[in-house]
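Undergrad: Below, each chain spelled out in residue letters.
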Amino acid sequence: MKITREEVEHVARLSRLALEPTEIDVLTGQMDQLLGYVEKLNELDTEGIVATAHAVPMENAFRADEVKPSLGLERALQNAPQSEESCFVVPKVIE
Amino acid sequence: MSFSQMSIRQLQQALRDGKTSSVELTRACLARIAATDERINAFVTVCAETALAAAAEADSKLAAGEAGPLTGIPIAVKDIFNTAGVRTSCGSRILENYTAPYDATAFARLQEQGAILLGKLNMDEFAMGSSNENSANGPVRNPWDLERVPGGSSGGSAAALAAGQAFATLGTDTGGSIRQPASFCGVVGLKPTYGRVSRYGVIAYASSLDQVGPLTHCVEDAALMLGVVAGYDPADSTSVDCPVPDYLAGLDAGVKGMKIGLPREYFIEGLDPAIKQAVEAAIEVYRGLGAEIVEVSLPHTDYAVACYYLIATAEASSNLARYDGVRYGVRQQGEGGLSGMYEKTRAAGFGDEVKRRIMLGTYALSSGYYDAYYLKAQKVRTLIREDFLKAFEQVDLLLTPVAPTAAFKLGEKTDDPLQMYLSDIFTIPVNLAGTCALSLPCGMDGQLPIGLQLIGQPFDEMRILQAAKAYEAETDWHQQRAPLD
Amino acid sequence: MHSRYEVVIGLEVHVQLTTKTKIFCGCSTAFGQEPNTQTCPVCLGLPGALPVLNQQVVEYAIRAGLATNCRIAPRSIFARKNYFYPDLPKGYQISQFELPITEHGWLDIANAAGEKKRIGITRIHMEEDAGKLLHGGNSGSRVDLNRACTPLLEVVSEPDMRSADEAIEYLKQLHQIVVYLGVCDGNLEEGSFRCDANVSLRPFGQAELGTRAELKNINSFRFIKQAIEYEVERQAELLDEGGKVVQETRLFDADSGSSRSMRSKEEAHDYRYFPDPDLVPLVIDGAWIERVRAELPELPEVKRRRYVEQFKLPAYDAGVLSAARATAEYFEALVGLHAQPKICSNWVMGEVSRALKENEGTIADCPVSPGLLAGLLKRIDDNTISNKIAKTVFEEIWRSGKSADQIIEEQGLKQVTDSGAIEAILDEIIAANLGQFEELKGGKDKMLGFFVGQVMKASKGKANPGMVNQLIQKKLAE
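Chains as they are written, first to last, in our numbering: chain F, 102 to 196; chain D, 18 to 502; chain G, 92 to 569.
Derived from the structure by calculation, the hints contain no laboratory data.
Bear in mind that the values here come from a model prediction, so they are computed numbers and not experimental data.
Mixed in with the good hints, there may be bad ones.
Unchecked claim - In silico lysine-lysine, DSS-like type, Cα no more than 30 Å apart, as pairs:
hint, chain 1, residue 1, chain 2, residue 2
1, G, Lys-223, F, Lys-193
2, F, Lys-141, D, Lys-293
3, D, Lys-361, D, Lys-273
As the list claims (entries may be wrong) - Selected chain F positions facing chain G (Cβ under 7 Å, derived; list incomplete):
hint, residue
4, Glu-108
5, Tyr-138
6, Leu-142
7, Val-151
8, Ala-154
9, Arg-164
10, Lys-169
11, Leu-174
12, Cys-188
13, Phe-189
14, Val-190
15, Val-194
Note that CB positions come from ideal geometry on N, CA and C, so glycine has one too.
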């Protein structure tokens, strides 16, 4: 086994996905199969190989420190599931 | 000649000559959508009213002689492009009510050049899929055979064209999502070099692999569309400030003396005989046109799918964290306060494939596994990229099949994610290498189109367009239309 | 303090930068605006939006790195720190993890014994701030994303501090430097300079560090001291009782003077850092670094030493004048116009600072410019007015913005240096106070002050006090 049911449950929590027990079962099997498949990368010796983040070499993309118009309150909140007093509202957060 | 057989340039001429009007073309497209889309399901949103209004405006521009290269041409874009004022749902339940307050750069450029937006096209949820069966809006059907898939994730973009519903469409390609559906639906699909077209406003799946490109009826249209959307965008840090050639002007240069490489790893046993035959016939066409055919090797091809699924899912797991029900999207309330809201919103909002990839990607990045999975995959990506760079020291471009088979049946691979992933074996390496490639029709497997892939050097879209144009001039596969009444 | 344990403190300081716009978008960073009015697709984390780095942030980071003796990395990258929280719009914070922009620096502080002590700076990296979560609404918590994506430098120290006082010394010095550099407004109340403290104890002589607690987001020097001292007590008691310190984040409550545990950090946190594919590597060449170095202002420590050496100022004066960049600039401008450093120092630390305090002003917008003040000091120097009158003139300059000369002229404040006129006044006063004059003659020196005072009073302060003295001596000798 590449991955256990408990690990799948942990990853689901990290991913903030409420999964049904049956979904966990199916995913455990599928992730196990996929992780088994990607094992084949270990056939390759990558010692000393530089990791590629972008396939096209690129560096230093900047913008100048100039103020651009913001969206405006109405458009900023237009898709909000819940809002009041110019703010997005979420279920009460206890610190 | 009917409009559906005309290139965009020919349509433009007809518009300028007053032989037709943008309103007429737009009406024709809307009528075709109305007549066929119940079967195809290519469109998730049709904006008939705004399209007709824009068409009327285009007609006055045409009359005033102020036309741009796309003025009055009805097009449609994948529902992954943000379009201010028109819903953008990205094939997902979580965004089913989402309307962006801004435009994607690529779409804005089409509009600036006068294109008419017919609507938004169906797709695999968050561009994750190879069959367009992972859509909250239901699957798209292949106009050539309604029992079959159109390919994915830009299934709607390919099917709408094949069904004659639009004159050109825009898609995105992360592991083959333009080329494979183009191949399955018998149209031309171009994935430009990473950095060639701005990703700004395109909903991200895997940021280091995603690229925007056109799907069209012919190579000339692809060249025209690329010319409009390509170019540096200061809003995208990964867009490259590199001159955009006049693709249309150089299109007819031919292939005489061109060196075309055949990567031996792409002509393998699993390749469907019909595909093999069609591709081999295409090779002979090129030989006949004076190209030199050379065998080359891309030795790490077999590792590409594994490499891709680690990198793409890792990036996706992070890119999709923003769908948390706070600022937009469909929120699910429930017990458990904030974390309950998060978990229920995301569980109900995402489909199975998206959840699977978020899970795999989260795992690949998680503490203790990063080096073994994500970092390893990035290193293998280097090897794959170097394969291409070495091959391009010997040849001008590469020629391969697009997919191992023609369009498969709906439901055929949905239960086996790995088999589905493996069907992208010929397209995925191009995204990992970041270079450009094009799919064009090169034959038929019975009633189903077959696609040929031409892979170019980074930022040398010109060469693959020239080669594709030369092939198209010799054959008539691109003139075939799906038998859809 | 508990002598059985050695206190080990490392600090993480979040320095909010004074750029006009956010780190990855063009929204304004102005403080105190209506919630969510300074937001755009990028800082709201809308689908499809992409970050582009503000070049000024890089400039500021290089400045801060050079000023704290760090090495500037020729190549650095941004990473995503993944976690869910309503004030974090994208579900990840763009920060730097591997390959930060600067590393391996230090600052020298003075410890309790007054000796120089070097505090290591592990790294300084760039990152975006989160938004604000406002608690206490009826329907839930409210999210304001105006602050989201505001540029921060995170300055991470080595665990080199051994007491709350050392921590405060380090913080004050770092604060002074970033404000001097012009990269931070230093406003603690508005959260422009926020500190997390990692505190642990270990028995003296033990090499490995004890388990640490992290004290979060404390925004005043006084509270930091309180929080650290409370934490040291708490841990020492725990250890004394044979207990164990748990690695956790604690929130200090200034009202009760105590801290409480936030939920254990390990719970569901796995930040899954990886390079942000939406941003490209940052490459800084030697020419860029040297340009920034050349433009660096003289730092307070160097300035202080120079004031002592070049201007022969007492160490105290040098320290006060160099503590804030604006004060130092004012002072240096003044000395440039009036080459008597100690007199300039007295005036800046005296009248100028008193008037600023009374009027709640800052020296940057002091109505008495160095030029106006130098004009005044010249008139003291050439005996046109006395020191005492000068203070009146200073008030008038402050009020009216007129030059000292104009005020002296208009109000007839010119010192009387005509000895005949002063002698006439003196004669009158002696005549009226013959008894006291005899006492003075008899050696009662206290009476000297009386006669000087009377003359000054009669002349409305304009008589030159030196001259008055001379004339009295002359009368005594007669």
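Undergrad: Each hint should be assessed against the structure and marked as holding or not.
TA: Taking the hints in turn, this is what the structure says about them:
1. For the suggested pair Lys-223(G) and Lys-193(F), the alpha carbons sit about 14 Å apart, so the restraint of at most 30 Å is met.
2. With a C-alpha separation of about 27 Å, the suggested pairing of Lys-141(F) with Lys-293(D) holds against the 30 Å cut-off.
3. For the given pair, Lys-361(D) sits about 60 Å from Lys-273(D) by alpha-carbon distance, which is inconsistent with the 30 Å threshold.
4. Nearest Cβ of chain G to the Cβ of Glu-108(F): about 12 Å, over the 7 Å cut. The hint is violated.
5. The restraint placing Tyr-138(F) at the interface with chain G is violated, with a minimum CB-CB distance near 21 Å, outside the 7 Å limit.
6. Because the closest C-beta pair between Leu-142(F) and chain G is about 17 Å apart, greater than 7 Å, the hint is violated.
7. About 12 Å separates the beta-carbon of Val-151(F) from the nearest beta-carbon of chain G, more than 7 Å, and the hint is not met.
8. Taking 7 Å as the C-beta contact cut-off toward chain G, the hint placing Ala-154(F) at the interface holds, the least distance being around 5 Å.
9. This hint holds: Arg-164(F) has a C-beta 5 Å from the nearest C-beta of chain G, less than the 7 Å allowed.
10. Interface restraint check for Lys-169(F): the shortest CB-CB distance to chain G comes to about 3 Å, inside 7 Å, so the restraint holds.
11. For Leu-174(F), the interface hint holds, since its Cβ comes within 7 Å of a Cβ in chain G; the closest pair sits about 5 Å apart.
12. Interface restraint check for Cys-188(F): the shortest CB-CB distance to chain G comes to about 4 Å, inside 7 Å, so the restraint holds.
13. The restraint placing Phe-189(F) at the interface with chain G holds, with a minimum CB-CB distance near 4 Å, inside the 7 Å limit.
14. For Val-190(F), the suggested interface contact is upheld, since its CB lies about 5 Å from the closest CB of chain G, less than 7 Å.
15. At a threshold of 7 Å, the smallest CB-CB gap from Val-194(F) to chain G is about 4 Å, leaving the interface hint in force.
Checked against the numbered hints given earlier, the structure breaks hints 3, 4, 5, 6 and 7 and satisfies all the rest.
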